[in-house]
Amino acid sequence: MKGYNFAYLDEQTKRMIRRCLLKAVAIPGHQVPFGSREMPLPYGWGTGGIQVTASILGRNDVLKVIDQGADDTTNAVSIRRFFGRTAGVQTTTATAEATVIQTRHRIPEKTLREDQIIVYQVPQPEPLFRLEPSRQETRRMHALSDYGLMHVKLYEDISRFGQISISYDYPVMVNERYLMSPSPIPAFDNPKMDMMPALQLFGAGREKRIYAIPPWTRVKSLDFDDHPFRAINAPHPCGLCGATDSYLDEVVTDDRGGRLFVCSDTDHCAERRAAGHVGNDGFKEAAE
Amino acid sequence: MSAPTLLSGRGLKLSFGAVPALVDVDVDLWPGEMLAIVGESGSGKTTLLNVLSGRKAPDSGVVWYRDPNDHLHDVHAMPAPALRTLHRSDWGFVHQDPRENLRMGVSAGGNVGERLMAQGARHYGNIRDAALDWLAQVEIDASRIDDLPRTFSGGMLQRLQIARTLVTHPRLVFMDEPTGGLDVSVQARLLDLIRSLVSRLRIAVVLVTHDIAVARLLAHRIAVMQRGRIVETGLTDQVLDDPHHPYTQLLVSSVLNA
Chain A
1 MKGYNFAYLD EQTKRMIRRC LLKAVAIPGH QVPFGSREMP LPYGWGTGGI QVTASILGRN
61 DVLKVIDQGA DDTTNAVSIR RFFGRTAGVQ TTTATAEATV IQTRHRIPEK TLREDQIIVY
121 QVPQPEPLFR LEPSRQETRR MHALSDYGLM HVKLYEDISR FGQISISYDY PVMVNERYLM
181 SPSPIPAFDN PKMDMMPALQ LFGAGREKRI YAIPPWTRVK SLDFDDHPFR AINAPHPCGL
241 CGATDSYLDE VVTDDRGGRL FVCSDTDHCA ERRAAGHVGN DGFKEAAE
Chain B
289 MSAPTLLSGR GLKLSFGAVP ALVDVDVDLW PGEMLAIVGE SGSGKTTLLN VLSGRKAPDS
349 GVVWYRDPND HLHDVHAMPA PALRTLHRSD WGFVHQDPRE NLRMGVSAGG NVGERLMAQG
409 ARHYGNIRDA ALDWLAQVEI DASRIDDLPR TFSGGMLQRL QIARTLVTHP RLVFMDEPTG
469 GLDVSVQARL LDLIRSLVSR LRIAVVLVTH DIAVARLLAH RIAVMQRGRI VETGLTDQVL
529 DDPHHPYTQL LVSSVLNA
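Residue numbers (my numbering), protein chains in the order written: chain A, 1 to 288; chain B, 289 to 546.
Hint data in this document are derived by calculation from the structure and do not stem from the laboratory. Don't take every hint at face value.
Simulated pairs of lysine to any residue, SDA-like, Cα-Cα distance not exceeding 20 Å [claimed, not checked]:
#1 A/Lys-220 to B/Gly-408
#2 A/Lys-220 to A/Ile-166
#3 B/Lys-301 to B/Asn-338
#4 A/Lys-220 to B/Arg-410
Here chain A is said to cover these stretches of chain B; the calculated rule only asks that three of the stretch's residues, wherever they fall, bring their Cβ under 8 Å from a Cβ of chain A [as the list claims (entries may be wrong)]:
#5 362-375
#6 383-395
#7 407-420
All values derive from a computational prediction rather than experimental measurement. Backbone N, C-alpha and C fix where the C-beta goes; we use that ideal spot for every residue, glycine too.
Working from the sequences, and respecting the hints, build out all of it.
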């Protein structure tokens, strides 16, 4: 695109972000400050993720962008088109074809490979921010690996609700050292981060922090011995493709209590349907 | 007294600008002993407590702490993580205002359990049992375990703070006016509780108070401070019944029936 550098950001900014990425990869789970730039979209729409993606994108990369698992929502479509225009890279909706996947709030159902990078958009990088208001103090807690407070929060959940009630942004320990916010992905996706073959990068634009999990790194969701972590999901098969092992969205279909549970990962669902899998509501949709 | 001390301060000096807060202070504390530091406001009691506990660095002088393995540590030369660990396990700090120590948005059980969890306890049932046990020891009803501290009275808050501090069985506890701001009957009950817990668990305590009666009731030894100096020190009864230094005489005579 004329008048713009490749992938929108200028080369100096990309170098600065890459240096931060290297440091972040070297210290898994540690939040590295970076000079976040103004991007042509508002904070909260993925400014952190888009800057990380811009810095790692090469001409031969194939980009996939998902928002809550879907390739066809506003945020995903806009960011995919943004890079299509400013970098001219090939884009795709197929998880297996992508080399770089920028995501908001989900990890694709298909297992990622070593030659893929997943970039998370992060609204709040500090896992302790609701518990300890002072950033100086939370930094000290990270430095001293002093994470009793996070367990106090889990204790409170169990004593109040009988179980740990965090359903998304479930805190994890990375490489048995740093407490990390996995960005607001559902707790269902947490186990996928553990020993993932792909490189995981996290960018928080408003908070100006970058962090990372290198491939094949241990990621453990916090829990108690007698209240182990468990992934929560709706107890239904997908209405369209019949999948029982994927994360489901609940879609209200009418004002008489009708609802439909479908895969939140649209690519996963479409692929299964193309392979001939049909859910209970799938026929109905085809018939209408 | 030739037995090894638990905590020793030597030649402690600290001034705030032109105001000397500590002048050549030497302090010794033996295991299981309760030492009261008394004196008027501004005499440097709380400063001494903060220096001894490593929360504030002195201008000169050292504080030695003997750990359970008989190793001596210079408290102010310790790395920050080690000092933090000490404060979370072997040591405790009881503030005058329990709100400084407690997490007001966290239930009583969570408050008591925090130090255990910071030490790596990861079994919910055990943590809860320990919390219930400690609430019983400080005479808080077990049914209040899931209540927030803000629903507690002043005396209960102070007892909750003590439970939270003692849950890890510290060897040394620093207390800054633990009974200040409580009414007399609540004070008496709290003093009783502190005395029985401390003697049963054999905890060494450095207690700062301006209340001579509190020192008389709790402390084995007493140190009297005036303008940053320790002017007199000795066994509590000895010092209070037969004060030598003019300032101590003044202090004792100013209290009714001390």
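Checked hints:
1. A threshold of 20 Å between alpha carbons decides the hint, and for A/Lys-220 with B/Gly-408 the separation of about 15 Å falls inside it, so the pair holds.
2. Restraint check for A/Lys-220 and A/Ile-166: satisfied, since their Cα atoms lie roughly 15 Å apart, inside the 20 Å limit.
3. The straight-line distance between the Cα atoms of B/Lys-301 and B/Asn-338 is roughly 13 Å, inside the 20 Å bound, and the hint therefore holds.
4. With a C-alpha separation of about 14 Å, the suggested pairing of A/Lys-220 with B/Arg-410 holds against the 20 Å cut-off.
5. Only residues whose C-beta sits within less than 8 Å of a C-beta in chain A count toward coverage, and the segment 362-375 of chain B has 3 of them, enough to reach three; the restraint holds.
6. Chain A is given as covering the segment 383-395 of chain B, and this holds because 3 residues of the stretch bring a CB closer than 8 Å to a CB of that chain, at least three being needed.
7. Check result for the segment 407-420 of chain B against chain A: holds, 7 residues qualifying (beta carbon to beta carbon below 8 Å, three or more required).
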